[in-house]
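**Q** Sequence:
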Amino acid sequence: MIHKTTTMWKGGLTFESDNPSGKTVLMDTNIEGSDERHGLSPKAMMLSSLAGCSGLDVISTLDKMKVEIDDFKMDVSGELTEEHPKYYHTVVVDYHFYGAELNEKKCERAVNLSVDKYCGVMEMFRRFAKVETNIHFHKSLK
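Numbering-wise, our numbering comes out as the position in the sequence shown, counting from 1, plus 874.
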């Protein structure tokens, strides 16, 4: 399978990139002396892609297992190298599950399947970074 995107310069340091789904995203970076931003940082979007890929796996697996949760979020942080070209050498993914009656074993299984088997973005990150994952359960009252 081949994916193709087209990225167009929109002026300044802003670019618009399409996606095989037809959706677009704006990217830019901090410009010294300016607070104006139009898009997302390309490197930070990599962290969002990691969360999106794994999150899709986790939620679809939980749906197949018929596991109910009230809410779910992921926090992803990455530490860049000091030297150019700067890249993430360490990444931490924190999975947060919320619910009154969480099935912790099945939630852990869904995360582990994503991390170890299904998430291609996770595998790509492992090629250049140390990836740590943590699972957190937040019990809510009914």
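Hints are computed from structural coordinates only; laboratory data are not their basis. Warning: the hint list may mix true and false statements.
What the hints assert, rightly or not - With a straight-line Cα cutoff of 30 Å, these simulated DSS-like cross-link-like pairs (lysine-lysine) come out:
| hint | residue 1 | residue 2 |
| --- | --- | --- |
| 1 | K991 | K897 |
| 2 | K884 | K897 |
| 3 | K917 | K991 |
| 4 | K980 | K878 |
| 5 | K960 | K938 |
| 6 | K897 | K938 |
| 7 | K1013 | K960 |
| 8 | K878 | K940 |
| 9 | K979 | K991 |
| 10 | K947 | K1004 |
| 11 | K878 | K979 |
| 12 | K938 | K991 |
| 13 | K991 | K878 |
| 14 | K947 | K1013 |
| 15 | K940 | K1013 |
| 16 | K884 | K938 |
| 17 | K979 | K1013 |
| 18 | K991 | K940 |
| 19 | K917 | K1004 |
| 20 | K947 | K960 |
**Q** May I ask which of the numbered hints given earlier this structure violates, with the numbers listed in increasing order?
**A** The structure conflicts with hints 4, 5, 7, 8, 11, 16, although it agrees with all the remaining ones.
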